[in-house]
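Colleague: If you want the building blocks of each chain, they are given just below.
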Amino acid sequence: MDLSSINPILLVASIMVSATPILLAAIGEMVVEKAGVLNLGVEGMMITGAVVGFAIAVNTGTPGLGFVAAACAGAVLSLTFAFLTQYLLSNQVATGLGLTLVGLGLSSLIGKPYEGIKSPTLPKLDIPILSDIPVIGPMLLSHDIMVYFSLALVAAVWAFLKYTRAGLILRAVGESADSAHALGYKVVNVRVMAIMFGGACAGLGGAYLSLVRVPQWTEGMTAGAGWIALAIVVFASWRAGRVAVGAYLFGGITVLQLNLQAAGAQVPVALLSASPYLITILVLVIISAKGAHGAPAALGRAFHASN
Amino acid sequence: MITLEKRPEPSKHWTYLTPFVAIALTMIVGGAMFGMMGVDPFEAIRTIFWDPIFNTQFASYTRPQLLVKAGPLILIAIGLSLGFKAGIWNIGAEGQYIIGAVCGAAAGLAFYPSDSIFIFPLMLIFGMLGGWIWAMIPALLKTKLGTNEILVSLMLVYVAENILATAASGFLRNPDGRGFPGSRNFKEWDAAFNADIISGTGMHWGVLAAFIAVIAAYALMTKHLLGFQIRLSGEAPRAARFAGVNPSAMILICMGLSGALAGLAGIFEVTGPAGVVNIGFNAGYGFTAIIVAFLGRLNPIGILLAGLLMALTYIGGELTQLMLAMPAAAIQLFQGMLLFFLLAADVLVNFRIRFTSSAKGAA
Amino acid sequence: MEQPLLSLSGLTKAYPGVVANDDVGFHIGTGEIHALLGENGAGKSTLVKMIYGLVKPDRGEMVLNGSPFAPTKPSMARKSGVAMVFQHFSLFEALNVAENVALGMETPPPMRDLAKQIRDVSEKYGLPLDPDRTVGTLSVGERQRVEIIRCLLQNPKLLIMDEPTSVLTPQEVEVLFKTLNQLRAEGRSILYISHKLEEIRALCDNATILRGGKNVGTCIPAETTAREMAEMMVGSSFATPAAHNRAMGDVALQVSNLSLPAMDDFGTPLREVTLSLRKGEVLGIGGVAGNGQDELLLALSGERLAPAGSIAMNGQDISRIGTLARRKMGLLAAPEERLGHAAAPDMSLIENALLTGADRQNLSPKKIVNWRKARHFAEDVIRKFDVRTPGAHVAARALSGGNLQKFVVGREVLQNPDILIINQPTWGVDAAAAAAIRQALLDLAANGAAILVISQDLDELLEISDNFAALNEGRLSAARKVSDLDMEQIGLMMGGMEGAAA
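Line by line, the protein sequences give chains G, A and E. According to this note's numbering, the stretch in the first sequence is residues 36 to 342, in order. According to this note's numbering, the stretch in the second sequence is residues -17 to 345, in order. According to this note's numbering, the stretch in the third sequence is residues 127 to 628, in order.
Keep in mind the hints are simulated off the structure, nothing from the lab. Honestly, I wouldn't trust all of these hints.
List of simulated lysine-lysine pairs, DSS-like, C-alpha gap at most 30 Å [stated by the list, open to error]:
1. E:Lys242 / E:Lys182
2. E:Lys510 / G:Lys197
3. G:Lys221 / A:Lys(-12)
4. E:Lys340 / A:Lys(-6)
5. G:Lys325 / A:Lys126
6. G:Lys221 / E:Lys510
7. A:Lys(-12) / E:Lys340
8. E:Lys304 / E:Lys182
9. G:Lys221 / E:Lys283
10. E:Lys199 / A:Lys205
11. G:Lys197 / E:Lys493
12. G:Lys159 / G:Lys147
Calculated from the model, a selection of chain E residues having no Cβ within reach of chain G, i.e. all distances over 12 Å [stated by the list, open to error]:
13. Gly192
14. Lys199
15. His214
16. Phe215
17. Ser216
18. Glu219
19. Met231
20. Val293
21. Asp390
22. Glu398
23. Arg404
24. Arg430
25. Ala557
Just so it is clear, CB atoms sit at the ideal spot from N, CA and C, and this is done for glycine as well.
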């Protein structure tokens, strides 16, 4: 095997690209779960975002519009989940699974005409001076705008939850819907908004896959990224900063195994391509063995104001 | 204004009626969707739900397919329903199905070309064992460490798919296959072939196993104390512990049973309808079975009917591709919608819907 | 008379099948502590929810400070100067004190200022509290302080308190009363909800009594005897349980140095609990909620296994055997939470009868359920314990709290336990049913069973127990004869200072 073929600068750069879609989906889902809702439909919303973003970008020639459309598509799809779980009080686990199945079907239906087409992709930022700094420039400072957007979003979510009143209310709703209701907060409204934010983020993450990371549309292209995003939220103990760490860790593993495959490592290919999933399991096991704390107390519980 | 009012107890009527409401809604919305795609909605619905059984031209071909497709769906869904009843979310049946097929096939192929009558039973046992082991991974992690079984069982589907790819192009590849991926064809090896019990009906051993599973599950859930304990664990976990039910045992039993049944479905599939272990032999039955389990109200008899209905949509979906040039994905969406509408209609079981005049007048 | 702060008239609220409030009206003056008195289910909660904007009255009107008052949400009520301390606190365990306080305010100041305000108010009213503590780590009494301070920071004109002393030790009650008197002196009014008559006589200026949703009278508590108020509250007299002078037998249950770690971050560990319970004895265990009551029940019922040698039944170590085996030996239990723990809400009474009766009533020989026999057992419980239900096929959640409690207690009592552990036997049950349940427990003891009653209702414990002990932070005081105890000693026991009481 020839490890020297792996360029550390390119490696770090590609880790950032590979982490971004999962980071977007995971930070959105974290907000949803902070509000006490477990939406297992991330995969379905991501792949719908991927195909809608791709279709719009191809038809308009503007990748930016693709991202906007993807966010809207994710939010709209999540709204069906919100309606079912918040107004009709359906089981969140089953509804989330249903959302994933619907999303997978819907995306391959929409995506049929777009298979094998190339889309316009986001330009890499070329910031004068900064991007030209040796090593750091190409490694960290010459990516497309969404990479930085996703990191800014993490910071924004962190600040929102920690410092704003709306963030406090959202956390309160996730801790005890009944108490929040007793204090007069609109539990259902807060949760619906959180769910839609999560849907929009998942849509963006999907679009990043189809417009930047790959960039192409293929059926089932998310390949479990949405589920991995869910796992990262658990890994992160529901903290924004750790979601970023988790996503980058995971992005690192994905890129590394691809590099190892390319370098012809003496490891079975199947093991390498299964490694992201195996490592996700491993991480979940370690977290649960440590006794993960920080799950919102009302996570996954339906709320109905009976009186 | 519409308000929901909790019923004092779940409505029996609506428990049975909601699947039909869901089917009707799916037909309406699905039909509208087909209409938007430029297909006559009535023709599409007829092609999906009527033609596979009653069309004079090709129903003789499609009718046996009904059992072929329903068999694995029912077998897997019965297993899943036990877990879902107990509040244990094994959503990785697809992986257990694949591993069951690979293990069973490997056990059989080790004795190729023996014509012993023990080959087929041996394959079944290893198929069950494979699915069981694959399900025990999330089950043990859950009971020993509290790891989330939903995520682990799902991740294992992707791992299983990678194992399947390795098997098809590696350790199970047909040595006489000129380098093409895929195992030996079990249809050409009598000792391992899962043939129709009654020729031309699609009624292979797996379908029989599914029917037996339905009856056994029915007896378990209505007559046996374990069935009561499974339901109790799902409905009121603390009450279950108070009643003396060991939650870990429930997880191991339910996950183990569903894994074993999924694995069994897998080996029946590769030795019968699929014929070979190859990438893509698994047609997503493990996921569709989740819909079957819910549509059947987690009730064995209901699952039997839901499995047949879902098999019908599979065949009908293939027909719409052939006859109406509709994309394959349309039927996948159709199935997903069915689950969605079912969950939505479920609100009627536990809540009464009241139409109240605008509350402002009362103040 | 000057204009009252709040006038209610003709307030009516009906729910399907029950009229919670029927034409209720009274006045609360400025600087008055007004008691709202009534049994569980008399409609007190619904009434205060209307004042606080959580429930909308069907009819009737409220006047606050001379102007019509019809809050449609709690924030409106708060803006008008009405604040409320809930019986079941509306607190968030994972958040800290300051965050919890902020959530109850309309326009909270920045966190740093808020923390200072919390310290100031807590000092002024003698309610010490650290704004940075996580609420989950606070005791029940401290949690109540969070609620009270949250209210006081909004400078309310009317403070509603729903059963505030049900979670306090007698000493803590005294501190609370000092605070309330201070508030009255400042000209604030308090609507004080309770069913504890002596408390109301000591504290309140006026009292309104509700029964069955109707206003059945008002009185000046200081000039009315507790007996008179009780009669207004209950409407008729009921049988008091027979006096107890039972012969006690050998030790049936011996708990020695039982220690168990807390179940989660906010749980209470059991610390070296020691007790002995004789045949024919009723041992009452008091204490403020959250001091290890649930943990003790779980350890005794077998839902949590205990260290070897810590629990013995009739001399035999049962620490390491589970619920089923203990039940077979004759140790039965009835937990506090009826729906979800003692009974499965969506299951029928038949299935709920099977839940604990499977073995002792032989309802599932060879693991095959005999549903006919289970139905007979359920119907037996329903008949003998006067459970009001259309039939045994009804889901547990369809029963009223009191009826379900009768079913749960009846299910255990009819299985002839040798030892019965019961937590909060009459919580939320009307007076007649409570008396029936207490009588059933006494009858059981008279037949030689050993009974351990955990309760937060001191009156109940003193009424039926032979001996009394109290839990405090997971420690159990030594048991003492009820006939030798007075209120002050009980308070010290509940506060964990039994040494001082001895």
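Colleague: Sort out whether Lys510 (chain E) lies within 30 Å of Lys221 (chain G), counting only the CA atoms.
Modeller: Status violated; Cα separation ~45 Å.
Colleague: When you check the alpha-carbon spacing of Lys221 (chain G) and Lys(-12) (chain A), does it fall within 30 Å?
Modeller: 19 Å, holds
Colleague: Are the Cα atoms of Lys304 (chain E) and Lys182 (chain E) separated by 30 Å or less?
Modeller: 34 Å, violated
Colleague: For a C-alpha distance cap of 30 Å, please report whether Lys340 (chain E) and Lys(-6) (chain A) respect it.
Modeller: 36 Å, violated
Colleague: Within 30 Å, alpha carbon to alpha carbon, are Lys325 (chain G) and Lys126 (chain A)?
Modeller: 12 Å, holds
Colleague: Mind checking the alpha carbons of Lys(-12) (chain A) and Lys340 (chain E) for me, to see if they're no more than 30 Å apart?
Modeller: OK: Lys(-12) (chain A) and Lys340 (chain E) at ~26 Å, within 30 Å.
Colleague: Please confirm whether Met231 (chain E) is truly not at the interface, meaning its C-beta sits more than 12 Å away from all C-beta atoms of chain G.
Modeller: Per Cβ check, Met231 (chain E) is inside 12 Å of chain G; nearest 10 Å; violated.
Colleague: For Glu219 (chain E), which was marked as not at the interface, is the minimum beta-carbon distance to chain G over 12 Å?
Modeller: Glu219 (chain E) not clear of chain G: closest Cβ-Cβ about 7 Å, inside 12 Å.
Colleague: Say whether it holds or is violated: Gly192 (chain E) keeps its Cβ farther than 12 Å from all Cβ of chain G.
Modeller: 25 Å, holds
Colleague: A cut-off of 12 Å on Cβ-Cβ distance, and Phe215 (chain E) was said to be off the interface with chain G. Does that hold?
Modeller: Incorrect as stated: the minimum Cβ-Cβ distance to chain G is 7 Å, not above 12 Å.
Colleague: Given the proposed pairing of Lys159 (chain G) with Lys147 (chain G), does the C-alpha separation stay at or below 30 Å?
Modeller: Answer holds: Lys159 (chain G) to Lys147 (chain G) is near 29 Å, not above 30 Å.
Colleague: Was Arg430 (chain E) rightly flagged as not at the interface, with every chain G Cβ beyond 12 Å?
Modeller: Arg430 (chain E) is indeed farther than 12 Å from all Cβ atoms of chain G, at 17 Å.
In this structure, the earlier hints numbered 1, 2, 4, 6, 8, 10, 11, 14, 15, 16, 17, 18, 19 and 21 are contradicted, and the remaining ones agree with it.
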